[in-house]
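Visitor: Given the sequences, and given the hints that come with them, work out the whole structure.
Chains A and B are the protein sequences, given in the same order. One rule links them: number in the working numbering = place in the first sequence (from 1) + 3. Quick note on numbering: the working numbering labels position 77 of the second sequence as 61, and the sequence is numbered without any gaps.
Keep in mind the hints are simulated off the structure, nothing from the lab.
A short list of chain A residues far from chain B (calculated; beta carbon distances all over 10 Å): (1) Tyr18; (2) Thr19; (3) Pro68; (4) Thr73; (5) Ser101; (6) Gly116; (7) Phe125; (8) Leu130; (9) Gln167; (10) Pro168; (11) Leu211; (12) Tyr314; (13) Asn322.
Restricting the straight-line Cα-Cα distance to at most 20 Å, the calculated cross-link-like pairs of lysine to any residue (SDA-like) are: (14) B:Lys(-8) <-> A:Arg28; (15) B:Lys80 <-> A:Glu294; (16) A:Lys173 <-> A:Asp205.
Quick look at which bits of chain A chain B covers, simulated, 3 or more residues with Cβ under 8 Å: (17) 282 to 290; (18) 295 to 306.
Note that the coordinates shown come from a computational prediction; the quantities given were computed from them, not determined experimentally. No residue lacks a Cβ here, since even glycine has one placed at the ideal position from N, Cα and C.
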Amino acid sequence: MVEKENSTDEVTPEYTYLNRRAFIRAGLFAGSAALTTAGYRFFSPGNSSPESTMSADSSGIAAEPSDLSTAETSSSFKDITNYNNFYEFSTDKSGVASKARNFATRPWTVEVGGLVKSPKTFSIDELLQFDQEERIYRLRCVEAWSMVIPWAGFSLKALLDEVQPLGNAKYVAFQSFYDPAVMQSSAAAGIDFPYVEGLRLDEALHPLTILATGLYGKPMPKQNGAPIRLVVPWKYGFKSIKSVARITLTNQEPPTTWNLFAPEEYGFYSNVNPDVDHPRWSQATERRIGELSRRETLMFNGYGDEVAHLYEGMDLKTNF
Amino acid sequence: MNDQGFNKILISTNALLPLGLLAFDFYRGALGANPLEFFLRASGVLTLLFVVVTLSVTPLRKIFGWNGLIKYRRMLGLYAFFYGCVHLITYSIFDKSLEMQEIVRDVIQRPFIAVGMAALLLMVPLAATSTNGMIKRLGGKNWSKLHKLTYAVPVLGVIHFWMIVKSDVFYPALFAVAVALVLGYRLFSRSRSKIDAVKKPEPLQG
Chain A
4 MVEKENSTDE VTPEYTYLNR RAFIRAGLFA GSAALTTAGY RFFSPGNSSP
54 ESTMSADSSG IAAEPSDLST AETSSSFKDI TNYNNFYEFS TDKSGVASKA
104 RNFATRPWTV EVGGLVKSPK TFSIDELLQF DQEERIYRLR CVEAWSMVIP
154 WAGFSLKALL DEVQPLGNAK YVAFQSFYDP AVMQSSAAAG IDFPYVEGLR
204 LDEALHPLTI LATGLYGKPM PKQNGAPIRL VVPWKYGFKS IKSVARITLT
254 NQEPPTTWNL FAPEEYGFYS NVNPDVDHPR WSQATERRIG ELSRRETLMF
304 NGYGDEVAHL YEGMDLKTNF
Chain B
-15 MNDQGFNKIL ISTNALLPLG LLAFDFYRGA LGANPLEFFL RASGVLTLLF
35 VVVTLSVTPL RKIFGWNGLI KYRRMLGLYA FFYGCVHLIT YSIFDKSLEM
85 QEIVRDVIQR PFIAVGMAAL LLMVPLAATS TNGMIKRLGG KNWSKLHKLT
135 YAVPVLGVIH FWMIVKSDVF YPALFAVAVA LVLGYRLFSR SRSKIDAVKK
185 PEPLQG
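Guide: This is how it looks when you write it as structure tokens:
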């Protein structure tokens, strides 16, 4: 291809040609590698800084330590705030933090009603007046990973005592805030919003059940369910509904989001149970965030002593 | 260096670059809160990606006449197998602590594991018979017949991917479309070549 250039000087064209070829090759090499790297970077979680995910209101929460806390080491603030299942914003756990940045969580009210003597709408400031405790709980996700999170919050019972449930109230229904203008999830998220959850009244009144207003001594980060969320540590994480807007006492088992989506996979109770597998994957083990190999999953997420009596006589395989 | 040699280096570099980046990010703690989940997911997606790219060689040749691509098809297929092995090894070490009994039980109990394992096992004879020597030994016809197994691999791969997703099936669906295109093209051109066979003695081969 290079030979037989009909030129007065045969060396120059060949030299130019080879040079150009080397130049094109170098360009192809660098260009394609840059594209591949960019493609990889688009999908990789990257190195998000914990600062960027902090709530604007950084005043600390004064929370009393509690006997109900675990002595286990807490997961890092960075991991807790960059690995979130909050489908309203994104189905990508590492993508929620940045997408939730413009989520306005003040002013905020929680409407408590239904079968209660004195229904009331609480402002977030009123809710922060309840005695705040630090509760270091294990959190076990239905996806078979777990964390340890130092929540700040107060027992749900304290709130329910104020509105006084009526005698015929048997369940507590929860509903998340939902504003599609700021919560722009994947079009293929699959589940319906607003997100709804529910507990039996005795589960809701259990001392372990809290409404959390913060973690690591800070107000609740947006991606973790600001400004107030439920935490039920012996159940799979999806039961602990985020950004609560409404609490309703009912006499019938309330609908729950994941159960509506796939009733054969997610039950109303959804207690952590290593003996009852998800139809598609095992629940016998879990990966603790920060560890590489898996550990055994504990019955009721290790809270059996406290909660097993709630389910006495119940078949937990059918009531999964 | 001739163009073919250069192109092979180019393909290899870009094929191995994601693994290098994954390893680098793993080392510096930049794979997020659950690095193993990400690594496992990424190696699986890369497997599927290379299977689809390998299977798109024939349609690209037929449609655009890029016949030179055939020289790189084996290489692309072997990278698919390579990432499949990385995927299986990661799962075996970190999810199953290399306990064979546990792996076998998983295959029996979890359909999505069984489907993924089947896809990878199907790739073993394909990789093993990918050398020129093996093609000669088997004879072109037998080799082509055996390598029809390739078509099952991405189908199983997409099912495997789809089954592990909780509710957002966007990416599995994207791969399903890609697989439907590369396999659908073959069905389409085969039915056409059957019609044309009367006129043309040589049917198209994919």
